[in-house]
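2 protein chains.
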Amino acid sequence: MTRTGRQMRSTIREDGTLTLSLEEVAVGDPGDDEVIVRVEAAPLNPSDIGLLLGPADVSTLVETGGAGTPSLTLTVPEARLPGIRGRLGQSLPVGNEGAGTMVAAGREARALEGRRVGMFGGAMYADYRRIRAQDVMPLPDGASAMDGASMFVNPLTALGFVETARREGHKAIVHTAAASNLGQMLQKICLADGIPLVNIVRSPAQAGILLAIGATHVLDSTEPGFADRLADAIEATGATIAFDATGGGTLGSDILQAMERVALRGMTAYSRYGSDVFKQLYVYGSLAAGPTMLDRAGFGSQWSVSGWLLFPFLRKAGPDIEARLRRRVADELTTTFASHYTRVIGLAEALKPDVLRAYERKATGEKFLIDPTRG
Amino acid sequence: MTRTGRQMRSTIREDGTLTLSLEEVAVGDPGDDEVIVRVEAAPLNPSDIGLLLGPADVSTLVETGGAGTPSLTLTVPEARLPGIRGRLGQSLPVGNEGAGTMVAAGREARALEGRRVGMFGGAMYADYRRIRAQDVMPLPDGASAMDGASMFVNPLTALGFVETARREGHKAIVHTAAASNLGQMLQKICLADGIPLVNIVRSPAQAGILLAIGATHVLDSTEPGFADRLADAIEATGATIAFDATGGGTLGSDILQAMERVALRGMTAYSRYGSDVFKQLYVYGSLAAGPTMLDRAGFGSQWSVSGWLLFPFLRKAGPDIEARLRRRVADELTTTFASHYTRVIGLAEALKPDVLRAYERKATGEKFLIDPTRG
Chain E
1 MTRTGRQMRS TIREDGTLTL SLEEVAVGDP GDDEVIVRVE AAPLNPSDIG LLLGPADVST
61 LVETGGAGTP SLTLTVPEAR LPGIRGRLGQ SLPVGNEGAG TMVAAGREAR ALEGRRVGMF
121 GGAMYADYRR IRAQDVMPLP DGASAMDGAS MFVNPLTALG FVETARREGH KAIVHTAAAS
181 NLGQMLQKIC LADGIPLVNI VRSPAQAGIL LAIGATHVLD STEPGFADRL ADAIEATGAT
241 IAFDATGGGT LGSDILQAME RVALRGMTAY SRYGSDVFKQ LYVYGSLAAG PTMLDRAGFG
301 SQWSVSGWLL FPFLRKAGPD IEARLRRRVA DELTTTFASH YTRVIGLAEA LKPDVLRAYE
361 RKATGEKFLI DPTRG
Chain W
1 MTRTGRQMRS TIREDGTLTL SLEEVAVGDP GDDEVIVRVE AAPLNPSDIG LLLGPADVST
61 LVETGGAGTP SLTLTVPEAR LPGIRGRLGQ SLPVGNEGAG TMVAAGREAR ALEGRRVGMF
121 GGAMYADYRR IRAQDVMPLP DGASAMDGAS MFVNPLTALG FVETARREGH KAIVHTAAAS
181 NLGQMLQKIC LADGIPLVNI VRSPAQAGIL LAIGATHVLD STEPGFADRL ADAIEATGAT
241 IAFDATGGGT LGSDILQAME RVALRGMTAY SRYGSDVFKQ LYVYGSLAAG PTMLDRAGFG
301 SQWSVSGWLL FPFLRKAGPD IEARLRRRVA DELTTTFASH YTRVIGLAEA LKPDVLRAYE
361 RKATGEKFLI DPTRG
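Chain order of the listed sequences is E and W.
Residue numbers are given in the UniProt record's numbering: position 4 of the first sequence equals residue 4, and the series is strictly consecutive.
Residue numbers are given in the UniProt record's numbering: position 216 of the second sequence equals residue 216, and the series is strictly consecutive.
Just chain E, same shape as in the assembly (with noise of 0.2 Å):
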């Protein structure tokens, strides 16, 4: 018996035309140190939405498929091509990271069989994925796949975050779009670990979220006001280092110049190079659309913008630090790695342009789960 199922498929023609399609695809034999795990649940990050949709143009949206074969197009303006010359033609499963049942385990796996567990490695928008057990962590006992949905990509950067601020030698964390799973969980590490955390949102009910977990330092940046709290919250803290989702805009540039501000404040003599405390902001996401906006006068010398990703870290990290981090995540699972979804939806039911529209737009305190066996 040859085992089929449905894998979601993203797909950008040369003429920048983007297709979205569910494939029936045969799920194979699992190799000697392969298992076969039927997807229960699957988070829908930003970083998968990034892969789905490309630097397509939403607004082109238009249904293709039919009935029983959900596809939609969309377009991806011309200038937008250069950008993703690697992918065009390749028709590419989406979908990061995701848990389920094992249903099948090669030789050296058997193990596991039977068990439910988390898993990461791409292609989890789909019935079932053949994977190395190795990409795997099982379940602790009475962890539902919900629970082990997002056991990877969220909990590992937020210890990530952490990881990297204690390892360049900063004592406290600037986060923005603070309010995400993400950034709940950072603070929870954070309050565990002792780092003062700031945390900035843009509204009350997001600012709540977080002082009900215990936050100190919540700053909505919509409210007047917000340059000089910004500051007093870093010289209360000592944050040097900051780690910002929405990439687009000014507000890396506002907390690096809040931090030099509250570094000159400690200064005796004026010295028009500066200060000599070294600022770091790490650009991790792209919430807010456009180029990232730096008003380098207000800096100082001392400072640096980079780009942070999850795999890149791991990888400079190193195997020993990784397991370390997944360790804690597996103990943790359902406490500081908690992950909340506001709608769970089918993988045909992802295909469908309303709902598309509504995960696209990436709210804070709005997460989509895809579960495919609900169709």
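Do not take every clue at face value.
The list makes no distinction among identical chains, and a pair is therefore deemed to hold if it is satisfied within one copy or across any two copies.
For lysine to any residue, the following SDA-like pairs were computed, each having C-alpha atoms within a straight-line distance of at most 25 Å [what the hints assert, rightly or not]:
1. Lys-316 - Leu-264
2. Lys-316 - Ala-172
3. Lys-367 - Gly-106
4. Lys-316 - Ser-271
5. Lys-367 - Ala-236
6. Lys-171 - Gly-31
7. Lys-171 - Pro-46
8. Lys-362 - Ser-271
9. Lys-188 - Asp-276
10. Lys-171 - Glu-349
11. Lys-316 - Ala-263
None of these hints come from the bench; they were simulated from the model.
Given chain E, work out where chain W should sit, using these hints.
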């Protein structure tokens, strides 16, 4: 006898009024480890102009001094005052570096008496400079004060770029505003040391300056097809680090995008995270006004944009490396590190409105030298 002399001062009051003046100050007797140098040449570097004029609006310039006591007044827009709060109300001497003849020496510095020296440490726009003996460098026989006037900032910066590139594992360099005195030094060092250099200029005349000293890669950013030619030069050299004097605008972003484009050419499989190649942009100047605009969409995930300044670099590099770099400057003072000036002015002349407007433009290829002995 008390020796006195003129000293140029820049003062910004709390209300944003900037005053430039020449003060008659007592030079004082040299301490045991000090010397007194009659200043005969001091360059107007962009960093000097930055201290002299602060963030003042040059269009507000008015002459306020009487005959024999030149004085100018400018206004700093209120929005720019927070960034310079530390200097408000202070009368600051100006001029990072210079050269001249030693006219007095303390007990421990007699060996230098009568020698012509280069020196570094501020307050050089003056008739005399009292300074620690360790902060002066005797000039080679036959070298003029003009030869020694710029033996610190530009030479050590150019050497610092190469040192930074090597220490951070880059094998070729991109440089902007590359026809400057600094840029010419960098090209000569790179030729001598076998490091490929991609020069970016803004006119055929500037390109000519670099080609005449042996540059291979000279690109005019105002010409059509610049982006493609930049990528080709980056591919030919393998450059993954850039030093940018312009700061404002998109040029730095364009360079990072070109580096990533080249890195992607070498990849066989598509990755939404871009290439594995780490790309570093250092911003060391602000020749172009406005914020640095980073279009991260084309950067991949491995990039960093940082401030670069000589003094923090030297502090991090340590005294051994600084001594090695200084020795090279002394050895190659009239060859690799020869500076060219387009105009020599007196101290009082530097405070004439039309002269100030001319050096404030910081046009590449134009360079002013102050010789206080001219009056």
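Hints, verified against the model:
Taking the closest pair of Cα atoms, Lys-316 and Leu-264 come within 25 Å of each other only across two copies (20 Å); inside a single copy the shortest separation is 33 Å, beyond that limit. Taking the shortest Cα distances, Lys-316 and Ala-172 sit within 25 Å of each other both inside one copy (22 Å) and across copies (23 Å). For the identical chains of this complex, Lys-367 and Gly-106 are neighbours neither inside a copy (34 Å) nor across copies (74 Å), given an alpha-carbon limit of 25 Å. For a Cα distance limit of 25 Å, the shortest separation of Lys-316 from Ser-271 across copies, 18 Å, qualifies, whereas the shortest one inside one copy, 36 Å, does not.
Taking the shortest alpha-carbon separations for Lys-367 and Ala-236, neither the intra-copy value of 32 Å nor the inter-copy value of 46 Å comes in at or below 25 Å. Within a single copy, Lys-171 and Gly-31 get their C-alpha atoms no closer than 46 Å, and across copies no closer than 43 Å, so neither meets the 25 Å cut-off. In this homomeric assembly, Lys-171 and Pro-46 never come within 25 Å of each other (Cα to Cα): the closest approach is 28 Å inside a single copy and 35 Å across copies. When the C-alpha separation of Lys-362 and Ser-271 is checked against a cutoff of 25 Å, the pair qualifies only between copies, where the shortest distance is 22 Å, while the shortest distance within a copy is 43 Å.
Taking the shortest alpha-carbon separations for Lys-188 and Asp-276, neither the intra-copy value of 31 Å nor the inter-copy value of 32 Å comes in at or below 25 Å. In the homo-oligomer, the alpha carbons of Lys-171 and Glu-349 never lie at most 25 Å apart, since the shortest distance is 45 Å inside one protomer and 51 Å across protomers. Only between protomers do Lys-316 and Ala-263 lie at most 25 Å apart by alpha-carbon distance; the minimum there is 19 Å, versus 30 Å within a single protomer.
Consistency with the previously given hints fails for numbers 3, 5, 6, 7, 9, 10, ordered from lowest to highest.
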